[in-house]
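Residue numbers (the working numbering), protein chains in the order written: chain U, 1 to 335; chain E, 1 to 335; chain C, 1 to 335; chain G, 1 to 335; chain Y, 1 to 335; chain A, 1 to 335.
These are calculated hints, taken from the structure and not from any lab test.
Identical copies carry no separate label here, and so any pair may be met within one copy or between two of them.
Here are the computed lysine-lysine pairs in the DSBU-like style, where the Cα-Cα straight-line distance is at most 35 Å:
# : residue 1 : residue 2
1 : Lys-148   : Lys-18
2 : Lys-89    : Lys-113
3 : Lys-191   : Lys-18
Number of protein chains: 6
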Amino acid sequence: MEFAKGLTEEEMNEYSLKYRYWSGIPTFLRAPHRPNMEDTEIGLIGFPYSGGNPIERMQHHGPRAVRNRSCAYQRAHRFLQINPFDTMKISDLGDVPLPNILNPDRSAEDAEKYFRKVHEKGIIPITVGGDHSITTPILRAIAGKNSKQKGPIGMIHFDAHADSWGPTAGTANHAGAAFFIGAEEGLIDPKRTIQIGFHGSVATLEQEQWSQSMYTVTTMADIEEKGIDWLAKEVHRVIGDGPTYLSFDLDVLDLAYAPGVADPEVNGMTTREVFSLLNKLRGLDIVGADIACFCPPLDNEAQITALLCSELMLHFVAHIADYRKTRQPLAAAAR
Amino acid sequence: MEFAKGLTEEEMNEYSLKYRYWSGIPTFLRAPHRPNMEDTEIGLIGFPYSGGNPIERMQHHGPRAVRNRSCAYQRAHRFLQINPFDTMKISDLGDVPLPNILNPDRSAEDAEKYFRKVHEKGIIPITVGGDHSITTPILRAIAGKNSKQKGPIGMIHFDAHADSWGPTAGTANHAGAAFFIGAEEGLIDPKRTIQIGFHGSVATLEQEQWSQSMYTVTTMADIEEKGIDWLAKEVHRVIGDGPTYLSFDLDVLDLAYAPGVADPEVNGMTTREVFSLLNKLRGLDIVGADIACFCPPLDNEAQITALLCSELMLHFVAHIADYRKTRQPLAAAAR
Amino acid sequence: MEFAKGLTEEEMNEYSLKYRYWSGIPTFLRAPHRPNMEDTEIGLIGFPYSGGNPIERMQHHGPRAVRNRSCAYQRAHRFLQINPFDTMKISDLGDVPLPNILNPDRSAEDAEKYFRKVHEKGIIPITVGGDHSITTPILRAIAGKNSKQKGPIGMIHFDAHADSWGPTAGTANHAGAAFFIGAEEGLIDPKRTIQIGFHGSVATLEQEQWSQSMYTVTTMADIEEKGIDWLAKEVHRVIGDGPTYLSFDLDVLDLAYAPGVADPEVNGMTTREVFSLLNKLRGLDIVGADIACFCPPLDNEAQITALLCSELMLHFVAHIADYRKTRQPLAAAAR
Amino acid sequence: MEFAKGLTEEEMNEYSLKYRYWSGIPTFLRAPHRPNMEDTEIGLIGFPYSGGNPIERMQHHGPRAVRNRSCAYQRAHRFLQINPFDTMKISDLGDVPLPNILNPDRSAEDAEKYFRKVHEKGIIPITVGGDHSITTPILRAIAGKNSKQKGPIGMIHFDAHADSWGPTAGTANHAGAAFFIGAEEGLIDPKRTIQIGFHGSVATLEQEQWSQSMYTVTTMADIEEKGIDWLAKEVHRVIGDGPTYLSFDLDVLDLAYAPGVADPEVNGMTTREVFSLLNKLRGLDIVGADIACFCPPLDNEAQITALLCSELMLHFVAHIADYRKTRQPLAAAAR
Amino acid sequence: MEFAKGLTEEEMNEYSLKYRYWSGIPTFLRAPHRPNMEDTEIGLIGFPYSGGNPIERMQHHGPRAVRNRSCAYQRAHRFLQINPFDTMKISDLGDVPLPNILNPDRSAEDAEKYFRKVHEKGIIPITVGGDHSITTPILRAIAGKNSKQKGPIGMIHFDAHADSWGPTAGTANHAGAAFFIGAEEGLIDPKRTIQIGFHGSVATLEQEQWSQSMYTVTTMADIEEKGIDWLAKEVHRVIGDGPTYLSFDLDVLDLAYAPGVADPEVNGMTTREVFSLLNKLRGLDIVGADIACFCPPLDNEAQITALLCSELMLHFVAHIADYRKTRQPLAAAAR
Amino acid sequence: MEFAKGLTEEEMNEYSLKYRYWSGIPTFLRAPHRPNMEDTEIGLIGFPYSGGNPIERMQHHGPRAVRNRSCAYQRAHRFLQINPFDTMKISDLGDVPLPNILNPDRSAEDAEKYFRKVHEKGIIPITVGGDHSITTPILRAIAGKNSKQKGPIGMIHFDAHADSWGPTAGTANHAGAAFFIGAEEGLIDPKRTIQIGFHGSVATLEQEQWSQSMYTVTTMADIEEKGIDWLAKEVHRVIGDGPTYLSFDLDVLDLAYAPGVADPEVNGMTTREVFSLLNKLRGLDIVGADIACFCPPLDNEAQITALLCSELMLHFVAHIADYRKTRQPLAAAAR
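Let's have the full structure, built from the sequences with the hints guiding it.
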């Protein structure tokens, strides 16, 4: 019954050995490395790319930094009371191959091809970026007419910014375009899309009008006024039951909690608000998720942003496992 | 109507070019550099000085660091729904010249002379320090009998400390003296002065008695107990309608939100509390403001304190523009 | 009456000289260095040890970093309105001598011997670690049958983790064992023990069961739901009147507030919550306290974790002085 | 006669004011900012670009960092005994505008257009990068058939690597291509081209064969064996009298002397070797120069790489001024 | 014939993809990860251990940091004109398992057991530490009576210190003992042992006497006076033809070249001296090598010490391949 | 006879305990702290002052940083074969009290008064700054007509700059004035003064003329051309036999070896050149020495500049002990 006494010394040593974040070959959450995508239900994927952001260019260091830090995780989820690694096959699939990394349009195609392969194998991708342009090829691969979803999917988008702009800086595949392209190309369903956490000063007063006209938008001002419970209900109301993607731009958080981000803004959410919200979103059918805009060279010595990414990744995995267990086993679902 | 579609490609590129914080010659909020003070209603001024603080000596790096980071700003104000750069002439006037920088008393005179020139031209100064001794020469130039204000002005002072001490460490012009000198020399009106946010441990139990006896004082304990709405009302009650100066010592904030400060104390305000308060202060007649005690070498890799200074500067500028537009155009006012 | 005017220039200079954190030989809170333990009621002690933690190994830098930063303290306590240095004899006793530092079992014995000497002299130890294994030898020296307490004492344990495990990684004297050993060896009274602030993901769903079965446990989820007032009452209810030890693992705090810690977890307490709670704990009979798991190389440039340790140390000292003054003078008490 | 006594106090203060690297609006070597290119013989130009390097992506921070640090320079050249700012018109022209920064091919065109304008005005460009792809558009603008040079020019190329590769990673305009394109497009004269300082391990044994077959190549092994005097003679022998470009990749230096570089290799030149060589190159007709591959986020706290860039820039400017003064005044020369 | 033109675009892209040090799962020199030791002639091994050094405790971060940085290597050796990865089977075997990491004596046994397995499979171990206590269990496994070597082996020891002390700080298996134990236990042959590079101030004038009496010792003073050619001859003279181990403590280097080391001393070797020496050591029969005392948290932002370790590792591998190719193929040799 | 075996376990443990740089209360070279100056022949003194330098302001952190790092020293001197702590009474006297730290002229007086007391007690001061203005009050106290020296003394001045300027920036007591004041006030003998190591670019061609006309000056160019042996002879020739002061500005070193300095210049001396020179200066009668311009916030993570200061301090102490032992015991000499 007691943990402290119930384990053999060997088990305790094994345990101790496992959770040293600095030892061994690092994979996401110490999941097995399966670059050939075999034997996998949830695929943890690195997308080391910073070619889509004209302002900040260090997001390609993201996946490595998260792998290094998340080695200490692979734990059970305190709130959901579930160990997702017990109930689902979870692998680190490695990094998206980007042979044309200096060319944003060819890189978007290369990535789309890769995620199409992931999607065809029925794997749910949890992707660590990379700048926010990573969401575009993922959506093109796993949503829309030609995907298994057979049409647009729901979208929960955490961000300080709307990211719903047309082409700029020499390409349509830039870091602020995914939520413009998503609707334009029929990948996400505007009625089932909610953008969460806009804040900070704006370039023009019209900056977010397109988003406001297309999607359900909630700003930090809304959240401060109405609270996390309201926000959770709003998400459930907008998203409902269908397949849904979760795109998490770390700049939705206040810089005190996530210093290592591109395009930072003052006055964001606290980690307790974010995780409290996530815990209230139980029951959604998540078919993919990404964590974008982590810039390791801007993180602090304690690597608190890398740690946050690890925690987010664990939450996404645990929520998917929880849903699949209780609602809709993977075998019977998206496939 | 839509931002994403309504702009030409050229405009989008121009936009993208403009907000790269690391490109070009840096000025505060990318305002035009006008060292000769021409064509200016609000002057953004650097005061790179650390000769007034016996404890911490790196505040002279402040203006450069804020210029470097604030290049990404020059945006519209989300809450006030105003783009101050559209309605007022805002310039970066450069740095206060300090030829006698090693001599605090002569430096105070040099700076006073400079700000007198700014004041005579009818320019509202927004100054980035520098240690908190910078407030003394500014007040001597823009307040008191010989100024355009013809007498003492109101003061909103954010700080963890009272800064109301007499001469110490070899000079009267030190970093903890401005709010002693302000009343002593008839520059600020004690009845229209409010000090906000005292916290941390104290050297002696009597440390803040002088302030308590002279001004309206609110500590963090008051704020935690009564809230930001109460505080906003308290400020309006004390300050009323007259010309008012806003002096913001960054150590009023908790270190999690503003690590790069001199003389830090644990348990300060959050950024959300500060900006929520500022947004509630609409309608004040701000005739000058400063941001003091930024120590860039103590900031973190993400430069969150520099970013906060940029946001504060934008708020001050936007509030002045909002007031001048709706209440009292500059032409008809202080001049 | 007024501080600013009431002090002579000489006193003001003396004051200024005293609070430069970077000058002179650094001791905890600038207390006198008394390695021979003479003339001391409260002993501030460094325990530079990281040999008990298989995951993180930089805690031995803790005491030096706290000494360096805490030089600027030695101040009065704002809430309690007391200057503990006026009413009690407080010394920096130096660091625990650890000649066998590479050997955890011999080091635990060496440390126990040292603290037994401290205890025999009637000195209340406030110890700065060091990893959390430091608590074990302290308890063995100052609690239990052979101590002046003549039996187990009460325990207030702040931590993200339960730290109630058996032997691991080659020794029983590791960083996660103190709250297992405490009960096993009759050093702490399970009925008078409260663990505060568990959070983060867990290795196994059973990880904290032993603690739950033995002690009163409050998680972050409890605290968020019921608040600090409730928590303070809960502590008073559990602890009551007897002699009590306070063990503070810095990882109970959110990383935004205490980045420089070993084994960090996301979603902890804010500093305002912690100090608000401490202020509500007036009236407890603290017979010792420690601050564990500070890793200076992980702290940020502003050293906010070192500053936090200084503030905690001041709070502990002030609370003890407050209690001794009003309730139970040291002479009449534990001796 | 004496400096210390011969200056008035005002002049000394002016001097002191001038060389504080942290004050005022920063330009290269404190040269006047002339974005319109007027009144300029030597143009100091920032090229904040990192879109050409698939491996390292932080070189776009280079120009800002060099401007910030080089403010303390603008001095006389000790060896040449010349103050170039007295004899030539030197300006900071600002940064190359890069509206299509995410697209390497369009960016190369944008930059070429900009440098063509510089070249047409008869300005000698000294450019601070940016990754090493910056050299390609500069050469296309100032060398070859359509330039004022009416043909290929000489090239002195300092680098650990050959940088003579064909298209890769999705573009021909990448950071390792300039010295392949230079010959292919008739911009540099292979007979008058010398590559200096190859070292470090190599990807394949054939990696540098193309360079070896086209240009004069000297490796670190050659330099160690034969010395700097030999190398200087070798440069003079290869380059002779014609117009010559100097391209300086910082990775030619040992990492101890230039830590903040992309694609670092162990075992490079010392700064004393580099500047000794430069001093021996008097008499060359330099028509342009660049400093490539500075990555400020990798520089150390003392910014020694930024300082080195400032010193290099001063050397280039002084050598051009020295040549123009004694040999071939600008008016009579390239125009 | 030409590299730039001779490769297909696909090959160039493959090349580009391969040498991005920040992408993919990191292994030493991108060697295949073979934790089961199959198909391996040279095994690259991490030994993440800092439990043997009472002074500095961050060496356990070494292997991870070297893996992360060395991903950009796996190149050909410029001097030896050999690509060792073409001629030998080289694997990353992962990290030494250390379940009893807090116990130095049990850890030494655990490691010895591991290296015995490596040795039995005929694999030549190249180990990255870890503090210098790592050499002891390696020698116990691969040298001495019970090893395939059937007796003591030769030793080339680079170090600022003699590391020839008896038990201290609670264990015989500490970081300064390997070269005392080596001779005491008959693992290394004193006549075939050379210690290279002693420098820095000393604790007592007698500190190095034991070494002087046992081994051939060369100090930095010797090296400065007589040069690298002399030193190379001295090594060949002492070592001769037999099986030899190379133990490289990074503190033999000057801190300018290797800042991230434990127990640093001023005035060491330059990297050019070290690699020049290594290149002159061709023809030695290396049966194992280690790199000790790398402390990543002390390395600079550019990670020049990690890069140096990568270069050293490549040199060791290349020299072994060179020797095996030309002198004594592995199959016919140690097995 | 053997160190490794000759010590008892207790002695080895004592040894291990002693040289952990991070434990205990830090003093210079672990010398006893004697703020009352009793029982002392050589006084190690901190002078935490940065009020004399208008360009860089972080030198006041110097003494603390050197104390923290030098705890690991207190060793024997390898070249001189002497343990100065065995033959002389060496104390850490603490820091110069600077109650008027914001006022440079009063601070110079305060410091002079302090050093006069040191001088009167016959203590040889070894001072760690602080900016280079610290040399002025030291010379005023220990040299000139009113000192025990009864007149000007010899001066060996290591520096990149001449530091021989008149008043500037509001005071005569600035960081560049000591070697102007020294001659003006009859404190140093121009004929017995040598300045060593000028390098870097210069503000005006006349910058060093005053020094050239007064003193013996050797630039880096001289040193590179003629070597360290020549330089040592030159020092002996200029200085001869009389009492001599040694003032060491760290910027004489190349930044690779001493990054943490104010006013850095490229192309300085290596540490091996500096210590080789110092070892050749045996036989000088050093009556005081200082180490100036250390800026800890600019040092790297490995603190190599702090370590260098420790090594310099040890050298100074050892040379004085060597001279006093062999030539002129302190009792019979300066007193």
